[in-house]
Amino acid sequence: MATLLVVEDDRPTHALFVALVNRCGCEASSAFDGRAALRKVRGERPDGMILDLLLPEMNGVELLEEIDRFAPQLISRTIVITAASDSLFHDCAQMRYVRCLMRKPFNIEELESDLMLMLDGRPAEQKVRAGGPMRLKIS
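In the numbering used here, the protein residues as written are 26 to 164.
Source of the hints: derived by calculation from the structure; they are not laboratory data.
It cannot be assumed that every hint is accurate.
[To be verified] Computed beta-carbon distance windows for the label pairs:
1) GLU69 <-> CYS49: 10 to 20 Å
2) ALA40 <-> GLU134: 29 to 39 Å
3) ARG64 <-> PRO37: 17 to 27 Å
4) GLU52 <-> ASP111: 30 to 40 Å
5) GLU82 <-> SER112: 27 to 37 Å
6) GLY68 <-> ASP111: 18 to 28 Å
As the structure is a computational prediction, the values presented were derived from the model and not from experiment.
Ideal Cβ positions, reconstructed from N, Cα and C, are used throughout, including at glycine.
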């Protein structure tokens, strides 16, 4: 069974992500700040990750930069979901290997579909959605 690390500091949103991961047939591991997530990645070596950008201790971009040094394959299996400013969103979009970047509020069915694609190892198409929730997929 695949293990996905859920990194989100907002508890209700975190619980939603964990439920979705479980519904997709995976085990969820949890972290509520960037430093805890880094420790989990080093210790547990998850198969994928759902990551919020705006985190205490270490933001999502900093976390991805650290992970890229020792586990770059995890970045290609990460879905980044954020309500971050346009500049931070853009910075993350420019990072190599980032597979899927979605803006909050997000569509739960699309997130579930993205999780299933990631778990199947299929490439994600590049997509920007304007009007309402914004979503950018980077292959």
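We went through each hint and held it up to the structure:
In this structure, GLU69 and CYS49 meet the distance hint of 10 to 20 Å, their C-beta atoms being roughly 18 Å apart. Range check, ALA40 to GLU134: Cβ separation about 18 Å, and the 29 to 39 Å hint is violated. The supplied range of 17 to 27 Å is met by ARG64 and PRO37, whose beta-carbon atoms lie about 24 Å from each other. The hinted range of 30 to 40 Å is satisfied by GLU52 and ASP111, whose Cβ atoms lie roughly 34 Å apart.
The supplied range of 27 to 37 Å is broken by GLU82 and SER112, whose beta-carbon atoms lie about 20 Å from each other. In this structure the supplied range 18 to 28 Å is violated for GLY68 paired with ASP111, their Cβ-Cβ distance being about 34 Å.
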